[in-house]
Amino acid sequence: MPLSPEESTATRRGFLDWIIYSCSTILGGTIILPAVAYLWPVTKSGPVKVREEIGEAANWNIWGAKKVSVGNKPVLVIRTDKGFVAFSAVCTHLGCLVEFNPVKQNIICPCHAASFDIEGKVEGGPPPRPLAAYKVSEVQGKVFVST
Amino acid sequence: MPGRKERIINYFNHYLDERYNMPVARDFIDKQMHKRLPPHTGWPHVFGSLSLILFLSQIITGILLLIYYRPTPEEAHKSIQYITADVHFGWLYRQVHAWGATLMILAVILHMARTFFMGTYKKPRELTWVIGVIIFIVTIVFGFTGYLLPWNQLSYWATTVGTEISGAIPIVGPWMKTFILGSENVSGETLSRFFTVHVIILPWILFFLVAIHLVLMRSQNLATMEPVGEERPTPPECGIPFWPVHLAKEGCVTLIVLGILVTLSVLSPWEIGEPADPLQTPEAIKPEWYFLPTYQLLKYFTGPMGKILGIGVSMVPFVLLLVWPYLDRSKPRHPKQRPISTTIGVAALILALFFGVLGHFSESHLTLLGQTYEIDVYGVPHRIDRETAVQVGEETDHPEKGMHDQEHRTKNTF
Ligand code: HEM
Ligand code: FES
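Note that the protein sequences, when read in sequence, are chains A and B.
Quick note: to get the working numbering, add 645 to the position in the first sequence (first position is 1).
Quick note: to get the working numbering, add 3 to the position in the second sequence (first position is 1).
No wet-lab data here; the hints were simulated from the structure.
For clarity, every value in this text was computed on a predicted model and none was experimentally measured.
Zero decoy hints are in this set.
List time: in silico DSS-like cross-link candidates among lysine-lysine, alpha-carbon distance up to 30 Å:
hint : chain 1 : residue 1 : chain 2 : residue 2
1    : A       : Lys766    : B       : Lys180
2    : B       : Lys81     : B       : Lys180
3    : A       : Lys694    : A       : Lys787
4    : A       : Lys712    : A       : Lys727
5    : A       : Lys712    : B       : Lys180
6    : A       : Lys694    : B       : Lys180
7    : A       : Lys718    : B       : Lys81
8    : B       : Lys34     : B       : Lys126
9    : B       : Lys180    : A       : Lys718
10   : A       : Lys711    : B       : Lys180
11   : A       : Lys718    : B       : Lys289
12   : A       : Lys780    : B       : Lys180
13   : A       : Lys749    : A       : Lys718
14   : A       : Lys711    : B       : Lys289
Partial chain B-side listing against chain A, Cβ under 7 Å, derived:
hint : residue
15   : Val164
16   : Glu167
17   : Thr181
18   : Ser186
19   : Thr284
20   : Thr305
21   : Pro307
22   : Gly309
23   : Val380
We put the beta carbon where it would ideally sit given N, CA and C, even for glycine.
All chains should be modelled from the sequences, with the hints used to inform the complete structure.
Written out as structure tokens, the structure reads:
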């Protein structure tokens with residue numbers, strides 16, 4: 646049976662609607678997606694391993710600590726009575742920088758009163774994880790930290 | 004013979020009449036000005052327009068600051084110093100902008116409290132309320148992004164802590180944090196992002212939200228105190244005329260608040276602080292007062308799941324505010340006729356105040372009646388014996404016993 650003019654226009658209109666919606670979606674996508682990508686930060690991951698000299702062992706007292714930037718990351722280096730230890734200085738709670746407390750020989754965070762022991766383990770306060778530890782080596786009297 | 008002034012006015016009127024359908028426009032403005040508000044409209048109803056005035060003040064002072072401000076880590080702090088020290092009246096505009104931010108948030112909160120306790124969020128004004136809550140959140144984000152711009156120690160580290168919180172959200176958290184910061188930690192990229200959001204994106208978002216909010220408010224008129232569905236139209240002779248009665252009240256409040264703004268700016272100026280140092284976290288960083296309740300609340304959630312739980316709990320008030328009109332579908336509006344929601348509202352305000360005060364005094368010393376107290380992270384005071392500087396405080400059952408003693412504050416020496 647032939648379609649009446651109304652019915653056939655309705656179908657054609659439906660088809661055109663469909664074309665218009667799909668084209669606008671594709672067009673919208675091509676406009677928006679590059680903008681979203683543009684906003685995504687460029688986080689260049691530099692060399693995976695960094696090894697930096699941070700001082701001389703000779704003029705470093707036992708229970709002396711130093712905060713240094715190794716490969717752009719803040720690192721806390723402490724000379725204990727058993728040798729050097731190094732931790733990421735970024736508190737695992739909310740990102741403040743921890744300090745060595747020579748009186749109690751532990752590591753404290755100024756932000757929410759957390760404390761870590763000399764192995765980086767959480768003693769008290771809110772941090773969920775221990776401090777990330779880094780390797781320290783002593784070569785010919787010089788101290789190196791590798792991240 | 005009409006005077007010179009009339010002739011000029013007539014000329015402009017004639018010019019417009021010839022080109023546009025002016026009677027419709029004049030009628031519209033006339034209706035808006037002489038609109039009758041419900042009879043109970045009074046002083047509590049001024050906080051909405053006060054928020055609007057403060058927003059205008061922020062736009063004007065913000066644009067003025069923009070002329071000298073430079074959004075880079077090298078120059079931001081110096082440019083603020085230059086604005087305050089050298090630019091003519093620069094100190095004034097910086098202070099009015101910084102204090103204006105605080106007063107604007109206060110005005111928005113008071114306005115929300117007024118509409119809450121008078122039950123105006125109920126049908127048919129649910130969307131006006133929801134848009135209002137979004138306006139509140141946008142205002143807070145304004146404060147958060149603006150706070151970083153002076154690039155001082157406090158703003159740097161408060162932003163670090165604030166954005167780390169979003170990093171703890173499961174799965175999307177780390178992704179969100181990098182996106183907000185523009186890098187792994189607070190950096191020049193973060194400053195650019197916060198700057199763009201603070202001075203371009205948020206002002207326009209707020210502009211459109213406020214416009215919709217006002218159109219909805221005007222087209223539905225203010226709510227009366229009658230229960231939902233029992234509203235009787237106010238006879239015109241009983242209503243309060245917008246002009247001149249209500250507008251006069253708003254004018255009064257505007258003048259008083261401008262006075263307060265300038266007084267605060269002169270008597271209690273905001274400091275510029277030390278320039279940001281990414282290698283040194285200062286002691287006891289505190290956020291702005293409007294973040295204190297959340298800041299304090301987050302401290303009680305410790306352990307591996309603590310962060311996620313804390314974020315979940317601190318989001319509850321905002322979610323509740325957003326969906327409140329759909330939770331409370333009861334009819335009465337008068338606060339005395341709906342004791343449950345009135346109690347919830349008062350309790351929420353008291354809780355916010357309580358945690359805010361705890362947050363404010365936590366990790367500080369307080370001298371009261373000749374006794375010095377050391378207040379720990381949780382806001383619990385411990386009495387300190389002055390001679391020996393050893394605390395004899397009523398040590399409660401806190402697991403972190405002894406963490407808050409004096410040595411804790413000893414600075415690290417290399
Ligand atoms: C609407 C247009 C606005 C523009 C163009 C603007 C612009 C600026 C600029 C350039 C600064 C850096 C100068 C400084 O720190 O003193 C700034 C800071 C700030 N802004 Fe805005 N702002 C606007 C609105 C707002 C609003 C609505 C709020 C808050 C509710 C706000 C809150 C702040 C805060 C808290 C600071 C830091 C103030 C300080 O420490 O001095 N701003 N704003
Ligand atoms: S950031 Fe270190 S305890 Fe919170």
